[in-house]
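Q: These are the residues of each chain, in order.
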Amino acid sequence: MTPAELPITLKESSIALMPLVIVLVPVIGAILVAVCARCKAWAAQNAVIILTCLVSLGLILALYHPVVRGVYIEGVFYKGLDLSLPGIMGFHLRFGADSAGLIFALITSFIWTLSATFGTSYMVKRHAKGRFFTFYMLGLASCLGIYLVRDFFSLFIFFEFVTITCYALVAHDETGDATFAGKLFLYVSVIGGLCMLFGTILMYGYTGNISLYPSAELTRYTTSALPGLVLTPRIRFLIFFLLVAGFAIKAGLWLVHIWLPVAHPVAPPPAHAVLSGLVVKVGIYGMLRTIFRLYPAMPLTHGAQMNMIGVGVIWLGVLTMFFGALPALLTTHFKRMFAFSTVSQMGFIVFGLGCCMVLGTEGAMGLAGSLYYIMNHAVFKSAFFLCIGITCSRTNEDYIEKMGGMRKNMPITALTFLFAVLSIAGIPFTGGFASKTMVHHAITEAIAHFGHAHAAGIAWLKWAEIMFIISAGMTLCYTTRSFYLVYMGKRPDYLKNAEPETNTMRAAFIPMIISIILIGLFPNFLLEKLIGPALAGFGLQSGSHAYKMIFDVNTGRSALPLLYNPVNFSLGSMFSHEVLHNVSGVGIVALSTVGWYLIGIFGKMFSIRVPEYLNLKNWYVVISRLVVFIFSQLCAGLEFVLNGFLSFLLVDFWQAQEAEGEQEEERVPLLAQSGIESL
Amino acid sequence: MKSVLFIAIFTPLIGALFIYWLSLFYEMLSNVAATLICGLTFVFTACLYPAVGQGRIIEVAWQIGTIPALFSFRADALGIFMALVSSLIWTISSWYAIEYLMNDKHKARYQCFSLFSLSGIMGIVLGGNMLTLYFFFEIMAILSYMLIVHDESAFSLAAGSKYLFMGIIGGIILLLSIILTRNITGTFDFTNGGYAVLRSSPYFLFLFWGFIIGFAVKAGIFPLHIWRPYAYPAAPCPATALLSAVMVKAGAFGIIKTVYGIFGAGRINTPATGKILLIISIITIILGSGLAIAQKEIKRMLAYSSMSQIGYVILGVILLSGKGLAGGIYHIMAHALAKTVLFLCAGAIIYKTGIREIKDMKGIGQKMPLTMLCFTLAALSMVGFPPFVGFVSKWILGVGALQAASMNVISQTTGIVIIGVLILSSLLTAVYYGPIVMDGWFGSCPQDPHDHHPLPDMAVQRCDPSWIMIVPIFVLVISMIVFAIYAQWPMRLIGLAVNQIL
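If you're matching them up, the sequences are chains B and G in order.
Everything in the first sequence is counted per the numbering used here, starting at 1 for the first residue and increasing by one.
Everything in the second sequence is counted per the numbering used here, starting at 1001 for the first residue and increasing by one.
No wet-lab data here; the hints were simulated from the structure.
It should be emphasised that the depicted structure is a prediction, and the values quoted were computed from it without experimental measurement.
By construction, the Cβ of each residue, glycine as well, lies at the ideal position given by its N, Cα and C atoms.
Keep in mind that the hints are not guaranteed to be accurate.
Claimed, not checked - Below, a sample of chain B positions facing chain G; criterion: calculated Cβ distance under 7 Å:
# : residue
1 : 89
2 : 92
3 : 171
4 : 194
5 : 229
6 : 636
7 : 648
8 : 650
Isolated chain B (complex conformation):
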């Protein structure tokens, strides 16, 4: 798309203020919550919480037309928002919205509303709930802020807000575990934030343009804010690496996922649901922007080299999905299992992004699959965690083998969990089917494209597909197993009296079930309304086959046969070649699941307890403590030597001249206080 075709963004209109307003609404809500908590007006507090979430959801929905569809104002067609606040924080803040950001904002406020509804009931008798909900609302504001800005500088600011607010949610319980998890979360997040700041500074210095959106300026790599700095490929990769590292830490990708299984389970369930379902998406969103900002989609000419950075991203996804799912299979701690599951699912999303990078301008399937996956994952993962939270809290158990038959106590919870399991597994007629199928399509497309040319690195893609199937099987294995052990089977006697979920909680669960079913029944609806329009902002070629199938720019319809032919619906189209191919993919995953069950039961894998020394987290903690200790002691040693030498040269030497002997006692504290004391 050339710049001339790009629609004009709204600047000088009251609608352009909307992103700022949307960010400020939860902040005002947080202040009101704090006031209510001060007055101990709990009913008013709950009302404020839910109302605030609903208002921000409504405002975001109201943005749909100006941002996704575009509006005519005085005969001029506008699409997208832009609000610049110059001079803020030594640079500027730029609020704005485009279709992709709106997807994230929409799903965030939707799930946040449901989790908050659940939370108002869950937190009734818990301590410090005023503080909890204040930070809960601030967390919503900062997450929405991330999706409603236009450049990396503003993104960084909200990114750091997310860190602070989520820290308060993680450490909320004030137990030893929670304190440790909070510290781990904060340090890791600070490292991530600093990586991102590093990358942002470099990007600003080398390109002078830190906009999030791929735009016409993108192609002018050599222009720079500071003349004399040239963006070499090496520097570009450095910026890419730093930004991706920063976002990967937030998203919990492989090697930097260690904090996630520690920090998420200790947070109260309403916080846990949004942390796992939504806050990790902040990292994914950042990665999405970074990828298309620094390595914009290139046309795939015949015989082109495969984008090895894209292959790297695919394998980052593969390793994440595998090494996230493996510990989830090996643990029986209910919350930790699903925290690892979050890690694993992030791998699937990154996998799609990597496919998109490999396919260049024809990567619509990968990108759309990832975006779809993000929406589905937010729904089913927060459903999981709300169910897990209420089940663990009602039974006072943390391990799945100690529970059982809980469907009798809490039927709606069990039902929600079941639908979430079906969705995460990608069973047809649930939400997850479409996204998993599309991501899988993307990798087959990449293999098909490069397979004929026998391009270098094609084996990496083929193995990635196999790993995809294996990991999907693992996902289905641990989810079904935990569902069976917790909700089905025999109920231990001492759990007979476990309280059921409250009606408020049901009110949170039921919309989740409904959305899982609706997405499952009409998989093309979201493609037409949200995901398809969002593809336009990423420089993909709208004429390519995959793009046209997902979203036809001219008609605004999606023709992708996921469950049926969406253009001419007929029962026969449900058994067409493409649909059967999609469903058979689920069959292969099911086979892989059976394989994992066999390994688990007959290979005694389920009874393996992973020893602590294999836990990557412990190694990180020990090594970082050791490094800090050695570094600080080296500094202290240097200081001690320096201090002794210079003190003598500059101070004691002169003092000794004027008074010998008598001053001895006075000099004792000087020496006693020198650096050695701190050793």
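Could you slot chain G onto chain B? The hints should help.
A: Relative to chain B, chain G alone:
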């Protein structure tokens, strides 16, 4: 305007004498009177702002016939900026001292010498030539000794003598350098772009390092920082805040004047001068952070943290680029605001509970929530979290490093490494502030995860200090946020200063 400049400089000097006279009759009033005098100084300085903010430079010099002026004053943008920051911090600190030193029998002496030191600062930053600067520099260096030995304990006397000896040695080196410069250039004045004749003189290296050492002693940069860990814990907290936030900045101010006003930015970009100073500033940043991690006592930790932060200022100055200098000057303000808050909060904790060790501070947030809130926000600023001043200076310094690289002052790799140093140091800052803040809020807690105890505010007795101590801290916290979000306000003056200097 010239008379206002005079009044602004001499208000604290006369005020100090007035305080002494007042304390003979009404000792209780001396703290309040000192606060008012500092506030007056701030107001008079602010009166100069409208003229200076438009780019005017106000100069006063005593010239007798044709003999060149020995003493002169000059209010330019940088001077006014420094004077505003200094007198603001001084007002806050004196206000805070009203309660902190309520029961101290030497409070009049403290306030008297505090005002003398303020007049020293005002003279330094508004001084028009090297001799004036030196004169007021010595006033500040020697009279602030009385602030450090205020407790009169053996430890503070020892710390004070260390401070004094090092200050005097630095002062002597500085004076020698000034006299030598006068011999070569024939004038005591500063000049924009520096004196070309100095570069070709055989004493170039000696002079440069003489000036730098003279000021570095006061700025406390590596390796002349060794007085810091003694003087900071020894002095009472309001004085420590002044020392850390303003007085060491006088040294940094001197280095700015040396680099840009005596030698000229283009002439010191050589391996033996500018490059070594760059390396020294990086060592200061990293070593200060590392030492702060090793500390167990909060004031010593803050002392080393200040050392690390002054390294940022020197780094910004020696980057020799416009953005870098602006970042350095902005960081003078950023650090002054945040570090004053930290020292005053630490002082409030020491004053109310007597806790000095970091490990004893667990759960302090539940006892002193307001104090700990301020401490937390200031710590976040130090780490470089938005929307606080520390983040803004880090951003500007980072861009300044790249600007220096684009101007070929340093290589591109060095530019990236410098940003890496800024980032690493932020991380180390988080490592030593993190435990205090996190254990402070979530520290003393029941170990049973299922025991959801009621809000702890019923159980723990609150002991936040009275409004006399809290309000000044809050004023700084709010300005810390406002000057970050509306960074264009200070940046307007800083931009003017950079234009005047470069």
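Q: Each of the hints needs a verdict: does it hold here or not?
A: Going through the hints against the structure:
1. This hint holds: residue 89(B) has a C-beta 5 Å from the nearest C-beta of chain G, less than the 7 Å allowed.
2. Below 7 Å, beta-carbon pairs count as interface contacts, and residue 92(B) has none with chain G, the closest being about 10 Å; its hint is therefore violated.
3. A cut of 7 Å between beta carbons decides the hint on residue 171(B): the least distance to chain G is about 5 Å, and the hint holds.
4. Hint status for residue 194(B) relative to chain G: holds, with the closest Cβ pair at about 5 Å, below 7 Å.
5. Of the supplied interface hints, the one on residue 229(B) holds, with its beta-carbon coming within about 5 Å of a beta-carbon of chain G, less than 7 Å.
6. At a threshold of 7 Å, the smallest CB-CB gap from residue 636(B) to chain G is about 4 Å, leaving the interface hint in force.
7. At its closest, the beta carbon of residue 648(B) sits 11 Å from a beta carbon of chain G; the interface hint therefore is violated under the 7 Å criterion.
8. Because the beta carbon of residue 650(B) sits about 5 Å from the nearest beta carbon in chain G, less than 7 Å, this interface hint is met.
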